[in-house]
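Relying on the hints, combine the two individually framed chains into one complex.
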Amino acid sequence: MSRLKLVVIGNGMAGMRALEELLKLAPERYDVTVFGAEPYGNYNRIMLSPVLAGEKTVEEIMINDLDWYRDNNITLHAGSEHEVVEIDRVKRDVVTRDGLRVPYDRLLLATGSDPLIIPFPGVDLDGVITFRDIADVDRMLAATRELKHAVVIGGGLLGLEAANGLFKQGMQVSVVQNVPILMNRQLDEPSAVLLRKSLEERGIRFYMPVNTKEIVGNDEGRVSAIRFEDGEEVPADIIVMAVGIKPNIRLAKASGLQCERGILVNDTMQTFDPRIYAVGECVQHRNEIFGLVAPLFEQAKVCANHLAEYGISRYAGSVTSTKLKVSGIDLFSAGDFIGDEDTEEIVFQDPHRGVYKKVVLKNNIIQGAVMYGDTLDGSWYFQLMKDQTDVSDIREKLLFGQAHLGDSGHDGASAVANLPDTAEICGCNGVCKGTIVNAITEQKLFTLEDVRGATKASASCGSCTALVEQLLATTMGGEYTPTSGEKSICKCTDYNHETVRRSIRDAQLKSFRAVSQYLEFREPDGCHVCRPAINYYLLSQWPGEYQDDAQSRFVNERMHANIQKDNTYSVIPRIWGGVTTPAELRAIAEAAEKYEVPTVKITGGQRIDLLGIRKENLPKIWKDLSDAGFVSGHAYGKALRTVKTCVGSEWCRFGTQDSTGLGIKLEKMTWGSWTPAKVKIAVSGCPRNCAEATIKDFGVVAVDSGWELYVAGNGGMKVRVSEFLTKVETEDEVMEYAGAFMQLYREEGRHNERTAPWIERVGLHYIKEQIVDDDKNRTELCERFLLSQQYAQVDPWAERANQQQTPAEFVPVKQLA
Amino acid sequence: MSNWIEVASLHDVPLAGARVVESSVGDIAIFRTHGDEVFALLDKCPHKGGALSQGIVHGRRVTCPLHNYVIGLDDGEAQGHDSGCTQTFPVKVENGMVLLSLA
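For the protein sequence lines, the chains are Y and P, in the order given. The numbering of the first sequence is our numbering, which starts it at 214 and goes up by one. The numbering of the second sequence is our numbering, which starts it at 158 and goes up by one.
Same shape as in the complex, but just chain P (with noise of 0.2 Å):
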């Protein structure tokens, strides 16, 4: 059973942007894409670590800031001929406001 907790209003995260949630688990990276989807990810890129949240998000994908691995915000996996994938969380908008799951 999924244990839903409130960590931020929608708005809270830019368009086409990410925010941080600090969690037990490591930092968490909130996106919100340009069309008002919201995903979350592990906030590590699977291929030197580099913290997502601060990519440029495209599409539904966030190019990693450290070397430009392109990594699908709803599977975590790295697009492309590169490889590599990053724990996806469950994490969804009620009411205008960002629910996150760590079960």
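Isolated chain Y, as found in the complex (with noise of 0.2 Å):
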């Protein structure tokens, strides 16, 4: 295929990102040729405001230099001589200022947007100037050397980040504005108040509001001061006007392309000439402008799709969260904060350490939040907000943090500012914190995804997720913004989770391929992260029908059996609720001595650990293991593991309830299920609990009067106490109960995503909804986990060890001498 010819007109941020997520895609689809008006690389325009401060350099926050350019063979024309004047759309070629004429098959426009200019009087006299690019920066930094009086008009984001870089060069700094609350895009009163506050104590100060009537300047036609309406004057020796942007639109209105307040675009980023593409603040979509760079991104990268002729990508609008760029000054703003009659309302004030807390609820979802002092649980709120969750169980806690939930994954992130360099975040691959730092400002990395590339760091387990996000976070200040789009599965899609079990449901996907011809995968053949992903989605849809992919199983769940480091296995047989016989050991200790098994290791969940068998071994073990009565424990799959119990009302002086006896039932119900991750259930006997019932995804702890159940705890890395579900009076209620819930939990739970997490998603109270309060559900979705456990509950062991031959996948194919 020959390669086409696509012009980009902007070499800004949201041009360039779509460029290197289209180099990615698609490297030798076209020969690009890109206009900027500025004679530099691609630089990251939000860290102007650093710049300013004195915190960075130019140098420091280029995104792509001049060499990047030449090495991708992009063809870069900065500088205003070369700004484009014309697009003749119907010759399909741009004209430049000095006469150069390019032709296009595809065209991009990231013009950008132009400051706000408020036509006071004075306005053109020379210190008056806007904040919007290096030259802008150079301006202001040169005026800091030399003048003393600088005011800034605007009391937004942008306005503040200027009059903090201005105060912290030098300068007397004065914000004039003529509403009352700063920040009122991102701020309601109270918060704004704070913010005044701290910044007035820093000594940059306020005239808000007032109406300007005009900028005075002095015989040499240079501004003086700002003069009110109320005739006060405030000296000036230069003016920074910060009021807004407006999308940059000239070019495409001049060349006849729908235009309202942006670049009209659909949401596969396409104008009305299906040929030219629009991204970044010059487009208008859904009605909405931009002016942050989390949407840009987003929609960069549908953009980058559609041209990669993918074309399976939408950009549908963004959610968004706003943090000011100024050292020291905690906020975070999100959605709705301001609310309407429909909504209400959790507040929380301690104005002594100058810290404010809102959440807007609409039947307790949340609508949006505004933070100021304490912005730790900013981008919970915002998950929490964007996956829609019902928060009314956790209302009374809300406020308080994700902390004070006993959560899932959010370990110490607030201790991770004061970490030294040397401190390990990623435990399984051994990245330290300076080094996922460095990774993040040398190689300008901007997303999760970049520093699992780039580091290995939260790239295996992905325990410390949480951990690396907050380092991106306070690395980049308030240019990080966690993605607000749906993740993905994995790099192979755009589709995430529910998309696929939706598809595979309705379009009656049954095999892998199926799956990724239907929703156009990037690679046919997926990668090891969907391909487990989807067999399980499969397997859990199709009961009975869809055929197991060993070949999409990680290697545990194929081989039955634990991988360790030396590439042996470990094998633990099921032990029905931790209950065993003087017959069963021996027949352990003999099998264990049969095949000199290194290690024998009780393990925490009531169970015997064989390690270090050969996987030549494995078929041998099992055979000998299989002919003592024993089937597979499950210890290595996303499956049920063990039901904990304690000994009960059978041997304990202060058991109320047989817990042995109702937790071999539950195994013996539940054994076999494949599940998102893996699930553990146990059963105590009396509230003393020594089954550590509440720390498991499901569990059992009897009363005098019956069972109380509790769901999504955990142990690990981040204990979580599992949550009061409900209590019932009898056995057959628990295992009902416990059916329903498994099931709930594999139809509904991501591949990978243990209970805690999934709850703290869905909500405990939508789980409440669908098996406590509708009993016809709970009944049906027990029904469906029986029907499914027929299909489940064949040993694999047994299966494998029985057979004439050693199955293939154990011994090597050929010997060679």
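In case anyone wonders, no lab produced these hints; they're calculated from the structure. Hints are not guaranteed to be accurate.
Unchecked claim - 25 Å max Cα-Cα, derived BS3-like pairs, lysine-lysine:
| no. | chain 1 | residue 1 | chain 2 | residue 2 |
| --- | --- | --- | --- | --- |
| 1 | Y | K828 | Y | K814 |
| 2 | Y | K657 | Y | K237 |
| 3 | Y | K891 | Y | K704 |
| 4 | Y | K981 | Y | K575 |
| 5 | P | K201 | Y | K828 |
| 6 | Y | K981 | Y | K891 |
| 7 | Y | K814 | Y | K836 |
| 8 | P | K205 | Y | K828 |
| 9 | Y | K778 | P | K249 |
| 10 | Y | K1027 | P | K201 |
| 11 | Y | K1027 | P | K249 |
| 12 | Y | K778 | Y | K891 |
| 13 | Y | K237 | Y | K700 |
| 14 | Y | K828 | Y | K1027 |
| 15 | P | K249 | P | K201 |
| 16 | Y | K778 | P | K201 |
| 17 | Y | K700 | Y | K723 |
| 18 | Y | K814 | Y | K723 |
As the list claims (entries may be wrong) - The following label-pair restraints were derived from C-beta to C-beta distances:
| no. | chain 1 | residue 1 | chain 2 | residue 2 | range |
| --- | --- | --- | --- | --- | --- |
| 19 | P | K205 | Y | E982 | 40 to 48 Å |
| 20 | Y | R866 | P | K205 | 46 to 54 Å |
| 21 | P | D231 | Y | G640 | 32 to 40 Å |
| 22 | Y | G928 | P | H238 | 26 to 34 Å |
| 23 | Y | D339 | P | H238 | 46 to 54 Å |
| 24 | P | G253 | Y | E829 | 24 to 32 Å |
| 25 | P | G253 | Y | K931 | 51 to 59 Å |
| 26 | Y | W864 | P | V182 | 33 to 41 Å |
| 27 | P | S258 | Y | E829 | 19 to 27 Å |
| 28 | Y | K304 | P | H238 | 22 to 30 Å |
| 29 | P | V182 | Y | A239 | 58 to 66 Å |
What the hints assert, rightly or not - Sample of chain Y residues with no beta-carbon within 12 Å of chain P, all distances over it, derived:
| no. | residue |
| --- | --- |
| 30 | G267 |
| 31 | R319 |
| 32 | G335 |
| 33 | E433 |
| 34 | K466 |
| 35 | G469 |
| 36 | E501 |
| 37 | Q562 |
| 38 | D563 |
| 39 | D762 |
| 40 | G919 |
Where is the CB? At the ideal position from N, CA and C, for every residue including glycine.
Here it is as structure tokens:
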């Protein structure tokens, strides 16, 4: 296929992000020409504030230097003389000011925005500047060296960052605006008051609300003061106009492309001329215009996907959150934080500590949040908001933060900023904080995926993900916004777990290939992330019909044993409810001796682990164990692991119910089932809870009058205590609830998501609706579980041990001398 | 001159899977991709020695079962930001038989 010509107008963050994404997907598809107004490579515009404040240099905020363009064979025309002045949509070429004509097959407009200028009298005086690009910053920095008084018009995000920067460079700074609330797009009144107080304490002055009458100049045509309607004057050597931005649509408009406030684009980022795409601050999408970086990146990704001719992703708008890049000030806001007559708000205020938090709810779903002083939980509220999680059950603790919920993955996020560089963040891959921070700053990483790729941190078990995200946030300051789009399963597709699952069900997809074709995966074969996930979804959707694909299973589930660091395996037979017999113990002992098992270990789940078994011996030891009556303990799988019990009323002087008996029944019902992630159950015979049932996925605690049921606990690196689900009277009820809970999790949990994060995502309230309040639904869920168990309760060990010949996967295909 | 040794029938190796040949230079993993291409690598991940034969095969790559290193089947190179390389061996299919060369 011959290469097409792609012309990009605009060398800013949105345009170049789209190019980067495109180069990843289809590096050979286009000959690319880029036009940029500024005489540089591509830099991180949102980091101009730290440059102004002297915290970073221009070099440090470059994303792509000129070498990058050369290395990727991109022709760059940078500088105002090369400005594109005309698009000839009939001939399909663009014309520059200096007369160059460049033809295109596809055109990408990323012309960004212009600062708004209010036409006060005197606005043309020398010393009135805007805050948009490197040249503006240079002008401001020059002023700070010689001049004293700065006035910033506009108390929004950009205005305050400018004010802070100029102040830090030693100027006397006043902020002027005509509304009473600072950052009124992001803050409500109480938080804005705290912000103002804190900035005033630093020494910045505020005049608000005031109406500006004019900008006063001196004899040399230079600004000297600003004068308000009431006659008051504030001296000014420079005036920074930071009242907002407007999309730069001049060129698009002149070319006859449909524009309103911005260039109109559809969900694939195409303008009304389908050969012409547009992304970034110049566009208007579904009546929204954009000024933050996260939506720009999402648009860039969608646009690149289409330019690469994959044509599968759509931009459906973004939910954004904001932070202010003023060091020492913690501020977070997202969504609708003002509310209306249909919403309610929960507010936490501690003026002495300078802390304010407000969450706006509608029908117990978060609509927005604004926080000042303590923003640790901002990203958590943001996630709950995006997931539309029903928070009724956590309302009372909501504003105290995720740490107060016994959460599943927020470990120590607050402390991460204070850790030394040598502190290990990713325990799996041995990556320490310094390595991650360096990679973020030196390689200009923006996303969790970038960090995973560059450092391996959070790329294995994922339990340090929250820490890495926190590091991204603290290293990049306000620039980091967690992706607001739904997370896709993996890099092979942009679709998320739910979409894939729905497609499997609705389009009756019954193999991985069918799924990858139907959803147009980038890799028809998938990868080690999506293959096991989809294999599970197929298995849970079509029990008895879908043939489990061994090659899509992680080695442990394929070999029915746990691989160890030396490529040997460990074998754990099932010991029902943790109850065994001398005969069983003797059989295990004999097998261990016969196969010279180097280590025999009692596990935490009341079983016995035989470690260090060579692959070819697995079927043999299984045969011996199977003959003694054992089945696989599934200690290797995303499956039911153990049902831990205490001795209960049979022996214990405190026991109120037969916990071992019930535990064995539960294990007999649930063993063999495949689940999104591992599942552990426990049954305690009295509230002393010796079986530790309240840190299990499903826990049962006996009381005199029946059984208390708990869900969503786990041990592990961050202990999470389970939540009370309900209380029932009989063992039969416990069994039905357990079956229903297992099935709801199997049908709705995401692959690799344990019950704790699943329930934090959907809300305990939802689980209660499904299996406590709705008797019919509970019965049906349990019935579906038992149906799938008919096909699942086949002992994989016996299956393999009792074949005439050792199954091929355990032995070499050939032994050469 | 390559010294081809018949090690298996193509059908002995599962689609998108692998089998092991024991040899004097160590275990060699014979991979068969979904597209019926065959590759041979030393069965040892350059990272921590994981048995690549036990990994998930996707496209012309295999993911090591120990720490998710992704190794290219054709060149033995670690993909992405990881580095390291495992030895490759010439391998071909003739008349439905897999031939390996240790030369």
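Status of the hints after comparison with the structure:
1. K828/Y to K814/Y: holds, 19 Å
2. K657/Y to K237/Y: holds, 16 Å
3. K891/Y to K704/Y: holds, 24 Å
4. K981/Y to K575/Y: The given pair, whose Cα atoms are some 20 Å apart, holds under the 25 Å limit.
5. K201/P to K828/Y: holds, 15 Å
6. K981/Y to K891/Y: Distance of about 22 Å is within 25 Å: holds.
7. K814/Y to K836/Y: holds, 20 Å
8. K205/P to K828/Y: holds, 18 Å
9. K778/Y to K249/P: Since the Cα atoms of K778/Y and K249/P sit roughly 31 Å apart, the hinted pair is violated (cutoff 25 Å).
10. K1027/Y to K201/P: holds, 17 Å
11. K1027/Y to K249/P: Satisfied, since the Cα-Cα distance of roughly 16 Å is no more than 25 Å.
12. K778/Y to K891/Y: The hint holds at about 21 Å.
13. K237/Y to K700/Y: holds, 19 Å
14. K828/Y to K1027/Y: holds, 15 Å
15. K249/P to K201/P: Measuring from Cα to Cα gives roughly 21 Å; hence the hint holds.
16. K778/Y to K201/P: holds, 12 Å
17. K700/Y to K723/Y: holds, 23 Å
18. K814/Y to K723/Y: violated, 41 Å
19. K205/P to E982/Y: 40 to 48 Å: Cβ of K205/P to Cβ of E982/Y: about 47 Å, so the range 40 to 48 Å holds.
20. R866/Y to K205/P: 46 to 54 Å: holds, 51 Å
21. D231/P to G640/Y: 32 to 40 Å: holds, 33 Å
22. G928/Y to H238/P: 26 to 34 Å: Holds, since G928/Y and H238/P (Cβ atoms, about 32 Å apart) stay within the stated range.
23. D339/Y to H238/P: 46 to 54 Å: holds, 50 Å
24. G253/P to E829/Y: 24 to 32 Å: This hint holds: roughly 26 Å between Cβ atoms.
25. G253/P to K931/Y: 51 to 59 Å: holds, 53 Å
26. W864/Y to V182/P: 33 to 41 Å: Since W864/Y and V182/P have Cβ atoms about 59 Å apart, the given range 33 to 41 Å is violated.
27. S258/P to E829/Y: 19 to 27 Å: holds, 25 Å
28. K304/Y to H238/P: 22 to 30 Å: Violated - the Cβ-Cβ distance for K304/Y and H238/P, about 44 Å, lies outside 22 to 30 Å.
29. V182/P to A239/Y: 58 to 66 Å: Violated - the Cβ-Cβ distance for V182/P and A239/Y, about 40 Å, lies outside 58 to 66 Å.
30. G267: Answer for G267/Y: holds, closest chain P Cβ roughly 33 Å.
31. R319: holds, 28 Å
32. G335: G335/Y is indeed farther than 12 Å from all Cβ atoms of chain P, at 55 Å.
33. E433: Non-interface label stands for E433/Y: nearest chain P Cβ at 57 Å, farther than 12 Å.
34. K466: Answer for K466/Y: holds, closest chain P Cβ roughly 43 Å.
35. G469: Non-interface label on G469/Y holds, nearest chain P Cβ at 44 Å vs cutoff 12 Å.
36. E501: Check passes; 35 Å lies beyond 12 Å.
37. Q562: The assertion about Q562/Y holds, with a minimum of 46 Å to chain P.
38. D563: Consistent with the label, D563/Y stays out of reach of chain P, its closest Cβ about 44 Å off (over 12 Å).
39. D762: violated, 9 Å
40. G919: At about 45 Å from chain P, G919/Y clears the 12 Å cut-off, so the statement holds.
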